[in-house]
Every structure is written in C-alpha cells, then in structure tokens.
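Whenever a hint applies, use it, and build me the whole structure from the sequences.
Chains as they are written, first to last, in this note's numbering: chain X, 1 to 114; chain F, 1001 to 1110.
Worth flagging that the hints you see were computed from the coordinates, not collected in a lab.
Glycine residues also receive a C-beta, built at the ideal position from the N, C-alpha and C atoms.
Worth double-checking, as some hints may not be accurate.
[What the hints assert, rightly or not] Straight-line distance between alpha carbons at most 30 Å, and here's what the computed DSS-like set of lysine-lysine pairs gives:
(1) F:K1102 with F:K1056
(2) F:K1102 with X:K7
(3) F:K1102 with X:K65
(4) F:K1056 with F:K1070
(5) F:K1102 with F:K1070
[Claimed, not checked] Examples of chain X residues toward chain F, derived with CB under 8 Å:
(6) Q38
(7) G40
(8) L92
(9) Y104
(10) G106
[Unchecked claim] Computed spacing ranges between beta-carbons, pair by pair:
(11) F:A1078 with X:T17: 43 to 51 Å
(12) X:T79 with F:T1077: 44 to 52 Å
(13) F:E1005 with X:D26: 27 to 35 Å
(14) F:G1052 with X:P85: 41 to 49 Å
(15) F:T1109 with X:R10: 25 to 33 Å
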Amino acid sequence: SAVISQKPSRDICQRGTSLTIQCQVDSQVTMMFWYRQQPGQSLTLIATANQGSEATYESGFVIDKFPISRPNLTFSTLTVSNMSPEDSSIYLCSGGLALSGEQYFGPGTRLTVT
Amino acid sequence: TQLLEQSPQFLSIQEGENLTVYCNSSSVFSSLQWYRQEPGEGPVLLVTVVTGGEVKKLKRLTFQFGDARKDSSLHITAAQPGDTGLYLCAGAHSGYALNFGKGTSLLVTP
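Right under this line is the structure:
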C-alpha cells in the first residue's frame, strides 16, 4: 500500500477566492491524480498530475479553473480558482503504483464555498 | 459517461444478513478494484482482481472477476454494522486511469 496525506482537511471559503490543496505521497507512488466527489456519490477524475509538466485534464475541467502542479515525484497541489458555491465538494488526491496500477487515496479536503 | 454500472445503489439490511453488490460493464478491464469509503475519509482499497474468473476472499468478503473481465461482484456474508459504508468498484483499462462505478451505499443495522 501507499501513504497519502492531504491538507487542509476542510475549509470554508468565500465566493471569488481561491484555495490550494496540498497532497504528499510516499516514494513508491509514480502517478498522482485529483478527483472530486459529492458526499455519498462516486468519484469524478479531474486530472492526472504530471511531474514537471502540465497536468492532463478530463473533459469538463480546465487548467484556468483547476491549476495543478507537481514539482517532484511525491508532491502535488490543486488550486480551485475563483470559487463559486458549485465548487463545494470533496476533493481527493490519489497515488498510483507502477506495477499493479492500484490507487491509494488521501483523506480528502471538504470544501464549502459561501 | 459512466462505463461501470453498479447495483444496487442503496442497500439497507440487518446484521447477519448476506448481500451481493454487482459491477457490470460492456468494456474489458485489465484489472478491477473494490474500495470502501466511510464518511469523512478517502476510499480504502479492499482488493484488486486481475485474472478472468478470479475469486478473492477477505474475511467475510468474497470478490469475483467475471471470466470475460467485464464484470465483478462483491459478496458479504453475515454483514456487521462495521461493514456500513460506500462501496465503489473501479475498472482500469490501460495505464492507471480508473473508471469508477456510481457506488453502493450500504447500511447494516444491529
């Protein structure tokens, strides 16, 4: 398995502001991903965080709204920009193992935008 | 587009009962993973199945991967309140991208 830590665990933010979420993974992880989840529902992939280059975004997600950095193998950030109440959700970071393709998740960041 | 159909979406049972959750797709997966998530936490990986027809057991949980690697099931024997949570199946095609099912919310009451 892999250990994934994420912070903050929760935040309440005002409309129009931005929040940066940090994710730290242990060294055996090679891939990092960011997901969004409404409580009690499934996960939606936002993007794959690529080390040293631009993230790969899924349909419906754009870099201007969700800029992602991954300066090294074990650290990534996701910024939720110019927030609106519709951005209220749980944001999850995951790390993937090279050999098995298994993904391990952080505890999530619960974001509320007022 | 949700490639994985998961059923049932909600399940409320009493302690001691058995249950089965299904995960179906028209796509072939290289592997399929099952997760359990409790409120306020991230999903926790329960098992990965890779080979068609594979059966894996984790205490009272039995996981099966279909022969064609398009579907999977999770069977829980003698459910306990501690089994309560959101169960998610996720299929991998190539590389590492996972396609998640919609999840099954399980409530086990004493």
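Taking the beta carbons of F:A1078 and X:T17, is their distance inside 43 to 51 Å? Holds - the Cβ-Cβ distance for F:A1078 and X:T17, about 49 Å, lies within 43 to 51 Å.
Practice item. Starting from F:K1102, check that the Cα of F:K1056 is at most 30 Å away, please. Key: Measuring from Cα to Cα gives roughly 22 Å; hence the hint holds.
Given a cut of 8 Å on the nearest C-beta pair, is the interface hint for X:Q38 held or broken against chain F? violated (11 Å)
Return the status of the interface hint for X:G40: holds when the least beta-carbon distance to chain F is below 8 Å, violated otherwise.
Interface hint status for X:G40: holds (6 Å vs cutoff 8 Å).
*asked:* Run the distance test for F:K1102 versus X:K7: straight-line Cα separation, threshold 30 Å.
replied: holds (26 Å)
*asked:* Would the hint on X:L92 be counted as holding, given a Cβ-Cβ threshold of 8 Å to chain F?
replied: holds (6 Å)
Checklist entry - Honestly, do F:G1052 and X:P85 meet the 41 to 49 Å range at C-beta? => result The hint (41 to 49 Å, Cβ to Cβ) holds, given that F:G1052 and X:P85 are roughly 45 Å apart.
- Task: Please test the hint of 44 to 52 Å on the beta carbon pair from X:T79 and F:T1077.
- Result: holds (45 Å)
Exercise for the section: Go ahead and decide if the range 25 to 33 Å is satisfied by the Cβ distance of F:T1109 to X:R10. Expected result: This hint holds: roughly 28 Å between Cβ atoms.
*Are the Cα atoms of F:K1102 and F:K1070 separated by 30 Å or less?*
holds (16 Å)
Against the range 27 to 35 Å, how does the distance between the Cβ atoms of F:E1005 and X:D26 compare: consistent or not?
Once the Cβ atoms are compared, 34 Å apart, the range 27 to 35 Å for X:D26 and F:E1005 holds.
Subject >> Holds or violated: F:K1102 to X:K65, with C-alpha atoms at most 30 Å apart >> reply: holds (25 Å)
Comparing the model with each earlier hint shows a violation of hint 6 alone; every other hint is respected.
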